[in-house]
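I would like the entire structure built from these sequences, with the hints used as guidance.
Heads up, the sequence shown is in the working numbering, so the first residue is 668 and it goes up one at a time.
Check the hints yourself; a few may be wrong.
[Stated by the list, open to error] Here are the simulated DSS-like cross-link-like pairs (lysine-lysine), alpha carbons at most 27 Å apart as the crow flies:
id: 1; residue 1: Lys798; residue 2: Lys859
id: 2; residue 1: Lys790; residue 2: Lys847
id: 3; residue 1: Lys859; residue 2: Lys813
Honestly, the hints are just simulated from the structure, not real lab data.
All values derive from a computational prediction rather than experimental measurement.
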Amino acid sequence: MKKEISDHIASTFFEKKKKPPRKKDRKTLSKRILLFLLTALFILAAIKIVTTTNFRGVQVGRRLGLVKHDGPFRLSYNFLNRATSRIETLAIDIPEIDLREYKSVRFSLRMMDDDSQKDGIVKVSLTNKRKETSSLYIRSIGPSWKIIEIPRENFHALNDWSHLDQLAFSVEEWNLRRKKGVLLIDGVEFVK
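What follows is the structure in structure tokens.
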């Protein structure tokens with residue numbers, strides 16, 4: 668029994684006491700928490716970008732294009748029901764870029780229906796941050812792609828090109844022979 672007591676006393680005496688966590692352990696824990704929070708924030712930001720943004724401004728040489736990742740912009744219209752609006756509009760937001768040195772706007776248009784004739788008239792409007800708006804009408808839009816380039820001077824009502832806000836395409840019931848269809852818009856770009 669004396670031996671057991673002496674062994675017990677020796678083991679308690681030589682046994683290491685538990686120390687409070689060292690500063691290194693606390694730093695490691697805080698680094699892990701920070702890394703976890705940054706990862707979660709990055710994932711949430713990526714989800715937000717993927718789900719809300721589907722086009723972006725891409726500069727290639729002397730052109731700034733508004734690129735959509737899933738094909739051309741589509742403007743569907745149906746004027747067969749008289750209760751609906753007689754004007755359909757597709758507005759494309761322009762990124763925060765100074766466009767004063769760009770000389771024209773270029774894009775391609777076509778009606779999606781193969782049997783449509785060149786009878787469509789499309790209204791093109793540019794708006795800046797000051798809410799100045801200038802509009803033009805493009806005629807003879809049919810089933811084949813038509814490339815349009817409009818010099819900036821043709822948009823007379825716009826005085827400030829440093830902060831363009833929106834490029835809009837509109838179809839109006841009285842300017843179309845077919846009252847139901849889809850207008851495709853592609854290759855939207857500003858050219859120097």
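For this structure, which hints from the list above don't hold up? Going through the list in order, the structure violates no hint and respects every one.
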